[in-house]
Amino acid sequence: MNAAPFIPLLLALALSPLLLGIINRTKALFAGRRGQPFLQTYFDLWKLLQKGAVYSRTTTWIFRAGPMLGLAAVLMAAALVPFGNCPALIAFPADFILFAGLFGLTRFFTVIAALDTGSSFEGMGASREVFFSALAEPALLVALATLARQAQSLSLSTILGQVSGGHWLQAGPVLALVLIALMIVLLAENSRIPVDDPNTHLELTMIHEVMVLDHGGPDFAFILYGAALKLWVLAAFVVGLIVPATGAPWLNVVLSVGGMFAIAVIVGVVESVMARLRLLIVPQLLVGAGALAAMAFLLGLNK
Amino acid sequence: MIPTNLILVLVVLTNLKLLGSSRIGSSIRVVAAQGVVLGLLPILAHVHDLSLRFTLLAVGTIAIKGIVFPWFLFRAVREADVAREIEPYVGYVTSLLSGVVILAISFWMCQRLPMPETLASSWLAPVAIFSIFAGLFLIVSRKRALSQVLGFLVLENGVYTFGVGLAPQTPLLVEAGVLLDVFVAVFVMGITIFHINREFDHINTDQLNTLKD
Numbered sequence: 010m011n012a013a014p015f016i017p018l019l020l021a022l023a024l025s026p027l028l029l030g031i032i033n034r035t036k037a038l039f040a041g042r043r044g045q046p047f048l049q050t051y052f053d054l055w056k057l058l059q060k061g062a063v064y065s066r067t068t069t070w071i072f073r074a075g076p077m078l079g080l081a082a083v084l085m086a087a088a089l090v091p092f093g094n095c096p097a098l099i100a101f102p103a104d105f106i107l108f109a110g111l112f113g114l115t116r117f118f119t120v121i122a123a124l125d126t127g128s129s130f131e132g133m134g135a136s137r138e139v140f141f142s143a144l145a146e147p148a149l150l151v152a153l154a155t156l157a158r159q160a161q162s163l164s165l166s167t168i169l170g171q172v173s174g175g176h177w178l179q180a181g182p183v184l185a186l187v188l189i190a191l192m193i194v195l196l197a198e199n200s201r202i203p204v205d206d207p208n209t210h211l212e213l214t215m216i217h218e219v220m221v222l223d224h225g226g227p228d229f230a231f232i233l234y235g236a237a238l239k240l241w242v243l244a245a246f247v248v249g250l251i252v253p254a255t256g257a258p259w260l261n262v263v264l265s266v267g268g269m270f271a272i273a274v275i276v277g278v279v280e281s282v283m284a285r286l287r288l289l290i291v292p293q294l295l296v297g298a299g300a301l302a303a304m305a306f307l308l309g310l311n312k
Numbered sequence: 007m008i009p010t011n012l013i014l015v016l017v018v019l020t021n022l023k024l025l026g027s028s029r030i031g032s033s034i035r036v037v038a039a040q041g042v043v044l045g046l047l048p049i050l051a052h053v054h055d056l057s058l059r060f061t062l063l064a065v066g067t068i069a070i071k072g073i074v075f076p077w078f079l080f081r082a083v084r085e086a087d088v089a090r091e092i093e094p095y096v097g098y099v100t101s102l103l104s105g106v107v108i109l110a111i112s113f114w115m116c117q118r119l120p121m122p123e124t125l126a127s128s129w130l131a132p133v134a135i136f137s138i139f140a141g142l143f144l145i146v147s148r149k150r151a152l153s154q155v156l157g158f159l160v161l162e163n164g165v166y167t168f169g170v171g172l173a174p175q176t177p178l179l180v181e182a183g184v185l186l187d188v189f190v191a192v193f194v195m196g197i198t199i200f201h202i203n204r205e206f207d208h209i210n211t212d213q214l215n216t217l218k219d
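Heads up: the sequence lines are chains A and B, in that order. In terms of the numbering used here, the first sequence has 139 at position 130, counting the first letter as 1, and numbering is strictly consecutive. In terms of the numbering used here, the second sequence has 92 at position 86, counting the first letter as 1, and numbering is strictly consecutive.
Do not rely on the hints blindly, as some may be mistaken.
As the list claims (entries may be wrong) - Derived contacts from chain A toward chain B, CB cut-off under 8 Å, selection only:
hint, residue
1, Pro182
2, Pro292
3, Gln293
4, Ala300
5, Asn311
Hints are computed from structural coordinates only; laboratory data are not their basis. A quick note: this is a predicted structure, and the numbers were derived from the prediction, not measured. Where a beta carbon is used, it is the ideal one built from N, C-alpha and C, also for glycine.
Sequences are here, hints too, so could you generate the full structure?
In C-alpha cells form, the structure reads like this:
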C-alpha cells in the first residue's frame with residue numbers, strides 16, 4: 010500500500026505544536042529573552058491531558074462536546090490538504106469548499122460552547138469572533154476559487170500540486186495577490202497579532218482567548234491542539250503555493266517543512282514588529298484581504 | 007508582458023488603497039507613487055521599439071506627477087491648514103467594496119467593447135477604465151476639496167493609461183497637451199483651495215451651497 014497520502018496528515022499531527030514553539034521563540038528573540046523551549050506546547054498538552062475537567066453547573070452537553078467536535082473538524086481539514094507534493098488523504102472535486110466549511114464548523118462549535126457558559130464576557134468574544142470570521146471567510150473562499158481557476162482543477166491536491174514555477178512566471182501578480190490575501194486570512198483565522206493578540210488577557214481586547222476561558226484540562230488541550238493544527242493547515246496552504254515541486258519526493262517534503270518553519274518565523278516577526286490593530290480597523294484589513302482576493306480572481310479570469 | 011501587467015496591478019492596488027485610506031498625507035503619497043509607476047509604463051509597454059518620444063513622455067510624467075504635484079499638494083495642505091483626516095460621505099469599507107465592484111464592471115465592459123489589436127496588455131483597457139471610474143467615485147464621495155483634486159488626478163491617470171496603450175497611434179503633442187492641461191488644472195485647484203480656505207475657514211465643498219452675499 011502506498012504510504013504517501015498519510016505523510017501530510019502524520020506530519021501535521023506530529024509537528025503542528027512545534028510551530029507555536031517557533032513563533033514564541035522568535036518573539037522572545039526580538040524581545041531579548043531566552044524564551045520557552047521549542048517543545049513547550051507538547052509539554053503543555055501533556056500536562057493538560059493529565060488533569061481532570063471541571064464543568065460549571067450552568068453548562069450543558071454542548072459545552073463538553075464543543076472542544077471535541079472542533080478538534081475533529083480541524084483533523085478532517087488536515088486530511089484534505091496535500092503537503093510537499095504528497096497528495097492528501099482525502100481528495101475529491103470541490104473539496105476546497107469542504108475545507109473552508111470545516112473551519113466554519115470549528116468556529117461554530119467554539120462559539121456555541123462559549124455561549125453555553127452563559128457568561129456575558131464570553132458572549133462578547135463570540136460576537137467578535139463571528140464578526141471577523143464573516144469577513145475573513147469570503148477572502149479565503151475567493152482566494153481558493155482563484156487558485157482553482159488558475160490550476161483548472163477543483164481538488165486541493167491537484168491545485169497545490171500543479172501551481173509551481175510555471176504558473177508564477179505566467180500569472181505572477183495573480184498568485185502574489187492570492188498569497189497576500191491568504192497570509193492575512195492565516196493571521197486572522199489563527200487569532201494572531203494584527204487582528205487578535207494571543208497573549209492578552211485584558212478583557213476588552215481579546216477575541217479568541219475569551220471564548221475558551223471556561224474550558225480546562227483535556228478540553229483545553231483539545232482546543233490548544235486544534236489551534237496548532239489550524240495554523241499548520243493554513244500555513245501548509247501558503248507553503249504549497251510558494252515551494253516549487255522538485256523531482257525527488259523526500260526533498261519536497263523536507264523543503265516544505267522548512268517552508269512551514271519559515272512561515273512560523275514570519276508570524277513571529279509580524280507579532281514582534283506590529284501593534285495589534287484597533288477593533289474598528291480590523292474589518293478594514295479583512296475587507297482589504299477580500300478585495301485583494303477578488304481582484305486576483307478578476308485578473309485571473311481575464312488573462 | 008509581465009512588467010506591464012505588474013505595473014497595471016500596482017495601479018489597481020494604489021486605487022484600492024486610495025479608496026480605503028483615511029489620511030490626506032498618505033493619499034497624496036499614494037497618488038505620487040501611482041504617477042511614478044505610470045511614468046514607467048510607456049517605456050515598459052514599448053520596450054522593443056523604444057524611442058526618444060516614449061523616454062521623454064516617461065521623464066515628463068514622472069517629473070510632473072511624481073514630484074511637482076505632491077510638492078504642490080503638500081504645500082496646499084500646509085498653507086490651507088487642511089485637517090489630516092479625510093471626511094468621506096461613503097465609508098472606507100464601503101468605498102473599498104465599491105472599488106471591487108467597479109473593477110468587475112470595468113472588466114465586464116471591456117469584454118463587450120471592440121478593442122484595438124495593438125494594446126500592450128489585455129488588462130490595460132479594464133485598468134484604465136477602472137482608474138477613471140475610481141477617480142470619479144473619489145470625487146463624488148469625498149467632502150474635502152483636496153481629496154477631490156486627488157480623485158481628479160486618478161481619473162486623469164486612467165485616461166493616460168489608456169493613451170499609453172494606444173501610444174503608437176497618438177502623437178506626442180496630444181500627450182504633452184494633456185499633461186499640461188492637468189498641470190494647469192491642479193495649479194488652479196491648488197490656488198482655489200487656498201482662497202476658499204481663506205474666505206470661509208474650511209474647504210468642505212458641501213457647505214459651498216450656503217454661500218450668500
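Outcome of the hint check:
1. Pro182: With a minimum Cβ separation of about 4 Å from chain B (threshold 8 Å), the hint on A:Pro182 holds.
2. Pro292: 6 Å, holds
3. Gln293: Nearest chain B Cβ about 6 Å off; hint holds.
4. Ala300: 5 Å, holds
5. Asn311: Holds, about 5 Å.
In this structure, none of the earlier numbered hints is contradicted; all agree with it.
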